[in-house]
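Colleague: These protein sequences, in sequence, are chains A and B. All letters in the first sequence, in the order written, are residues 8 to 302 by this note's numbering. All letters in the second sequence, in the order written, are residues 8 to 302 by this note's numbering.
There could be a bad hint or two in this list.
Identical chains blur together in the list; that is why a pair holds if it fits in one copy or across any two.
Unchecked claim - Heads up, simulated DSBU-like pairs for lysine-lysine below, C-alpha to C-alpha not over 35 Å straight-line:
#	residue 1	residue 2
1	Lys-134	Lys-239
2	Lys-134	Lys-268
3	Lys-27	Lys-174
4	Lys-274	Lys-249
5	Lys-67	Lys-149
6	Lys-174	Lys-52
7	Lys-15	Lys-243
8	Lys-52	Lys-149
9	Lys-52	Lys-271
10	Lys-268	Lys-140
11	Lys-52	Lys-134
12	Lys-268	Lys-67
13	Lys-141	Lys-11
14	Lys-27	Lys-160
Hints were generated in silico from the structure; no laboratory data involved. In this text the structure is predicted, and so the values were computed from the model without any measurement.
Number of protein chains: 2
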Amino acid sequence: MDFKQELKQYQDLMNSELEKYIDTRECPEEVLNRSMEYSLMAGGKRLRPILVIATYQIFKEDIQECMPFAVAIEMVHNFSLIHDDLPGIDNDDFRHGKPTNHKQFNEATAILAGDGLLNNAYRVISKTLENSKKEDLSKKIKIFQEFSDSVSKMIVGEFVDTEEEGKQISEETLEYIHRNKTGALLTLCVRMGAILAEASQEDLNRLTAYAEKIGLAFQIKDDILSEEGDEKILGKPVGNDKILEKCTYVSEYGLEGAKEKLDKLTKEAIEELEVYNEKAEFLIELAKYIKERNK
Amino acid sequence: MDFKQELKQYQDLMNSELEKYIDTRECPEEVLNRSMEYSLMAGGKRLRPILVIATYQIFKEDIQECMPFAVAIEMVHNFSLIHDDLPGIDNDDFRHGKPTNHKQFNEATAILAGDGLLNNAYRVISKTLENSKKEDLSKKIKIFQEFSDSVSKMIVGEFVDTEEEGKQISEETLEYIHRNKTGALLTLCVRMGAILAEASQEDLNRLTAYAEKIGLAFQIKDDILSEEGDEKILGKPVGNDKILEKCTYVSEYGLEGAKEKLDKLTKEAIEELEVYNEKAEFLIELAKYIKERNK
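If we strip away everything but chain A, and leave its shape as in the complex, we get (with noise of 0.2 Å):
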């Protein structure tokens, strides 16, 4: 498998499906949608709706029932970014190598455009259930219900971080914001998958815990690039944690503490997977490569 090829596509995939669901009239609030369109469309890696799909295909073919939910995370996914670099959060003037949202339109328009994409999410999730066949309802409310609590604790995972920022935190608290504010959507991107898949409940477990697992190491991965990342490729300043005291994983275990977490959790996760064989491939895959990325 070329994996990069591989990733590519499903990319390629995404982004044509999420171009469908942008609003192109001519109208008052024209801008407003370009705003979303602007941070929807930023090149962001798609992680999340790939984790959707990826898990659907290791045990169904037909991926148009994912695709209204893999554009759900999508959209709620980038609300929180164009939210979390406001002024009054992060104040972050870069993001994928171009200005913020609010930078390149305003505040105000960040704000709404943020909660624009979010309550479009919903919006996307209520068309699938309105036009869904009766026997799928049940597991696409069950997912409705699994998405809004999940989206809850990204919030909070958010407000804990933001918070406690600049504070001595212990690993508890560390481990409490990251599970909530990345780790939540992640875990939900597989399960979603693998509930529209129509998985057992054990596979469901098995996949929960691989989630879980590249959930922490994606987030141990992000605070090693802000430190010692390549600012050109990650298209944003490195080193921004340290002048902000921020809590990371590399403030609490150092760069190699930090380094042997994330060897550990990603060799979990795989193992976790084994199980589906070549079936599982992509996501074992993908399990590396978020290790491994540089940006």
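Following the hints, complete the assembly by docking chain B onto the known chain A.
Modeller: Just chain B, lined up with the frame of chain A:
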């Protein structure tokens, strides 16, 4: 009917219902929960949830079915107030006579409390779908869809309002703003009550017309109060619209013109409901109250 007393009973009912949804646990995000509670329990009129319930009661008695939607709409309303008050949007310091959320807490908390309330509204809806009888799912999914569409309209209305601030705008744009910013949610409330109660299409149309008229009337009255209300009763400064050069029904039609429009709309709204006789007495009195209120 003693309207004031009935209104108070509805408000008390809603206040105790909303309290059930307040998270009082000791947890790392406790301050965020306090911030959401602060706005949600700040003494709003509960107009939106009351519209849901009172409309339902034209047709059916047992209002339990309405309550989750009544709660969800009040959460959305409060999300919108918190975000609209932010320094990046309207930069308001007072609401209901108390410091606005970002003044009482801080900007980051207010942004995330707004996000949290919007998302919690959908958590409430998802739980009500999860616990619903199969035969009630289809109307509730229809409501979920209208709900998410109306919230999008509200965000759009707020955006256009912000964009057009200080500009000379057409009557058409002014109507566009308010049909979206306040009208969409008020109409949604009445429609939710009617759809839940399984009203006929004819009833739904009639009630939608009523809602659209009181929605516009509500905004016109707001503009009149912003111009000539009593600061102490309103709990916020009067005359700000002029200073901010906001385009309002008063700036567009003059104080007398706005009052005439308000009278006409109230009369027409009431006419829509005459067919229901005493079953709609509360909604008729509510239309009069919207016109005559002093806050």
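Colleague: With identical chains treated as interchangeable, where does the CA-CA distance between Lys-134 and Lys-239 reach 35 Å or less: within a copy, between copies, both, or neither?
Modeller: neither (40 Å within a copy, 45 Å between copies)
Colleague: Pop the pair Lys-141 and Lys-11 into one bin, within, between, both or neither, using alpha-carbon distances up to 35 Å.
Modeller: neither (38 Å within a copy, 45 Å between copies)
Colleague: Quick one: Lys-134 to Lys-268, C-alpha cut-off 35 Å, is that within a copy, between copies, both, or neither?
Modeller: neither (41 Å within a copy, 37 Å between copies)
Colleague: Which holds for Lys-52 with Lys-134 at a C-alpha limit of 35 Å: within a copy, between copies, both or neither?
Modeller: Answer is both: 26 Å inside a copy and 32 Å across each meet the 35 Å cutoff.
Colleague: Classify it for me, Lys-52 with Lys-271: is the Cα-Cα distance of at most 35 Å met within a copy, between copies, both or neither?
Modeller: within (24 Å within a copy, 55 Å between copies)
Colleague: At most 35 Å between alpha carbons: which applies to Lys-67 and Lys-149, within, between, both or neither?
Modeller: This pair counts as both: shortest intra-copy Cα distance 19 Å, inter-copy 29 Å.
Colleague: Between copies, within a copy, both or neither: which fits Lys-268 and Lys-67 at Cα up to 35 Å?
Modeller: within (33 Å within a copy, 59 Å between copies)
Colleague: Between Lys-274 and Lys-249, at a C-alpha cutoff of 35 Å, which is it: within one copy, between copies, both, or neither?
Modeller: within (29 Å within a copy, 64 Å between copies)
Colleague: Using 35 Å as the alpha carbon limit, work out where Lys-15 and Lys-243 are close: within a copy, between copies, both or neither.
Modeller: within (22 Å within a copy, 54 Å between copies)
Colleague: Cα distance capped at 35 Å. Does Lys-52 pair with Lys-149 within a copy, between copies, both, or neither?
Modeller: Intra 27 Å, inter 34 Å, cutoff 35 Å: intra and inter.
Colleague: Evaluate Lys-27 and Lys-174 at a C-alpha cut-off of 35 Å and name the case that applies: within, between, both or neither.
Modeller: between (44 Å within a copy, 33 Å between copies)
Colleague: Have a look at Lys-174 and Lys-52 and pick one of within, between, both or neither, based on CA distance no larger than 35 Å.
Modeller: within (31 Å within a copy, 40 Å between copies)
Consistency note: the structure conflicts with the earlier hints numbered 1, 2, 10 and 13.
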